[in-house]
Amino acid sequence: MSDDTAAHFGAWSQEFSAWAQTQDVGRVVIITPEDLLNGRDPTGMSDEARAALLKSFIKRNFPDFDADKFDAEYLSLGRNAVLGQGRAQSLDVDGDGKNDLAIVIAASRDQTKEQAAAKSAHLTPDNIKNLRGTDLDWQAMTIAHEIGHLSQPNKSRDKNLVWEIEAEQDMVQFMTTAHKKGLISDLRAVDDLTLIRNIGSFYFKDDLQTHVVGPGVQTPSEGPVPVAEHDHVFQEPLHQAQMDVSRAVGVDLINDTHRIKVLEKMLGERGLYSFDAYKLPPMEIEDKRAIVDILRGKVSIEGGVAVLPADVQDKIAETFENETEILGIGALMDDPALMYDMTRRLYLSGDFDDNPIGKQYAYEFLTAAQAHAPENFGVFSQDEKFIPPIFEQTDSFTPTDHLDNNQNLTTMKP
Numbered sequence: 001m002s003d004d005t006a007a008h009f010g011a012w013s014q015e016f017s018a019w020a021q022t023q024d025v026g027r028v029v030i031i032t033p034e035d036l037l038n039g040r041d042p043t044g045m046s047d048e049a050r051a052a053l054l055k056s057f058i059k060r061n062f063p064d065f066d067a068d069k070f071d072a073e074y075l076s077l078g079r080n081a082v083l084g085q086g087r088a089q090s091l092d093v094d095g096d097g098k099n100d101l102a103i104v105i106a107a108s109r110d111q112t113k114e115q116a117a118a119k120s121a122h123l124t125p126d127n128i129k130n131l132r133g134t135d136l137d138w139q140a141m142t143i144a145h146e147i148g149h150l151s152q153p154n155k156s157r158d159k160n161l162v163w164e165i166e167a168e169q170d171m172v173q174f175m176t177t178a179h180k181k182g183l184i185s186d187l188r189a190v191d192d193l194t195l196i197r198n199i200g201s202f203y204f205k206d207d208l209q210t211h212v213v214g215p216g217v218q219t220p221s222e223g224p225v226p227v228a229e230h231d232h233v234f235q236e237p238l239h240q241a242q243m244d245v246s247r248a249v250g251v252d253l254i255n256d257t258h259r260i261k262v263l264e265k266m267l268g269e270r271g272l273y274s275f276d277a278y279k280l281p282p283m284e285i286e287d288k289r290a291i292v293d294i295l296r297g298k299v300s301i302e303g304g305v306a307v308l309p310a311d312v313q314d315k316i317a318e319t320f321e322n323e324t325e326i327l328g329i330g331a332l333m334d335d336p337a338l339m340y341d342m343t344r345r346l347y348l349s350g351d352f353d354d355n356p357i358g359k360q361y362a363y364e365f366l367t368a369a370q371a372h373a374p375e376n377f378g379v380f381s382q383d384e385k386f387i388p389p390i391f392e393q394t395d396s397f398t399p400t401d402h403l404d405n406n407q408n409l410t411t412m413k414p
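Under our numbering, the residues of the sequence shown are numbered 1 to 414, in order.
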C-alpha cells in the first residue's frame with residue numbers, strides 16, 4: 001500500500017498483509033483511486049491514460065514489484081483502479097502453480113457504506129438504509145474479499161460464481177478474526193454486505209449471475225449453507241425462483257391477443273417453420289391449417305390447439321408459458337414494489353418449498369429489501385418474519401474448508 005492508504009486503514013493494513021500471506025502470493029500491491037488521481041476527475045481519461053497512470057504509480061512506489069508482468073492487463077486494471085471497482089489480478093510468474101505477484105484494486109477511501117451497498121444492489125445510495133458497521137469496515141470487507149481471490153486458479157465458464165462464494169466466505173473468516181481483535185465495530189455488517197448482494201440479482205438486475213453469493217456463504221448469524229463445485233447448482237434454482245415470481249405476475253397479464261401473436265410467430269411467415277426458439281415440431285398440412293383457423297378466428301385457441309398432435313400441443317404450451325414469464329418480467333422490472341409483494345406472497349404460501357436454494361435466494365431478497373431498501377420496494381412492515389429453509393449439517397452443505405482455518409491471521413504463516 002501507499003503510505004497514505006496505509007494511514008487511512010491504520011491497523012487494518014497489517015491484517016491485510018497477514019491475510020495476503022495466507023493466499024500463498026509472493027507480493028501484493030493494493031491500490032485505491034486516490035493513490036492515482038490526486039483529485040483529478042477520471043471520467044475524461046482514456047483507458048490508455050488510466051493504464052499508464054497505474055503502471056507508473058506501481059513502478060515509482062514499489063520498484064521491487066515487477067510491474068511489467070501485468071502489461072496485458074493494464075487497460076482493464078487501470079479502468080478498475082481509477083473508478084475504485086474491486087478486483088484482484090494475480091500471476092504465476094515461474095509456472096510453479098503458486099501466484100507470485102498480485103494487484104488488488106480497492107474502493108475509494110471516501111466510499112460510504114451506502115455507496116458500496118448500492119453498487120451491489122443496483123440501487124442508488126439514497127435507497128439504502130440501516131447498514132451496520134462503519135464506512136471503513138465496508139472498505140475493509142471489499143479488500144478482504146479481493147485478497148480471498150488471490151490463491152484461486154483462473155476462472156472458467158462454469159466456475160465464476162463458485163470462486164466468488166469462496167472469496168466471500170474467506171472475507172467472512174477474515175472479518176470474524178478482525179472482530180475478535182476489536183477492529184470491526186459491528187460484525188453484523190458482514191451479514192448486511194452478503195445479504196444485500198442478492199437484491200439486484202434476484203430482481204433481474206444482474207443477468208450474469210456471477211456474484212449472487214448469498215445462499216452459499218455462511219455469515220456470522222447463519223447455520224450451514226449449501227456448497228457446490230459448479231455455478232449451475234446455485235444459478236438454476238435462482239432462475240427457477242425468479243420464473244416462479246414472473247409467471248405469477250404474467251398469468252394475470254397474458255391474454256388471447258398475446259397468444260395469437262405467439263402462434264403467428266411459431267407458424268412463421270408464408271407457412272414456413274421458424275428457425276428460432278419458437279420452432280414447431282414437424283406437422284402435417286392439416287395441422288398447419290388448424291393453426292391458421294385459430295389465427296383467422298374460425299375456432300378458439302383452446303379448441304384449435306386441442307386437435308393438434310401431443311408434441312405440438314406441448315410446444316405451444318411451453319411457448320405460452322415462456323411468454324407469460326416474459327410479460328411478468330417486463331412488469332416487474334419497472335415495479336420494485338410488485339416484485340417484493342409477489343415474492344412475499346409466494347414465499348408465505350410455500351411456492352418455493354420444493355426449491356430450497358431458490359427459496360434461500362428469495363429469503364435473502366425479501367430480508368434485504370425489508371431491512372435495507374424498504375421504501376424502494378414498498379415494504380409495508382419491517383417486522384414481518386420470513387422462516388428460511390434449513391440446510392442440515394452434512395459434508396455436502398457445510399463449507400468446512402473455510403471454517404477449519406486458523407483464526408489468528410497474524411500467525412498463520414511466517
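No wet-lab data here; the hints were simulated from the structure.
Honestly, I wouldn't trust all of these hints.
[Said to hold, decoys possible] For lysine-lysine, the following DSS-like pairs were computed, each having C-alpha atoms within a straight-line distance of at most 27 Å:
1. K55 to K129
2. K119 to K98
3. K159 to K181
4. K315 to K298
5. K69 to K59
6. K261 to K288
7. K205 to K55
8. K205 to K180
9. K98 to K129
10. K59 to K129
11. K298 to K288
12. K279 to K261
13. K119 to K59
14. K205 to K159
15. K69 to K55
16. K69 to K205
17. K298 to K265
Predicted, not measured: the structure shown is a model, and the values here were computed from it.
*Does the structure break any of the earlier hints, and which numbers would those be?*
Hint check: 1, 2, 3, 7, 8, 9, 10, 13, 16 fail, others pass.
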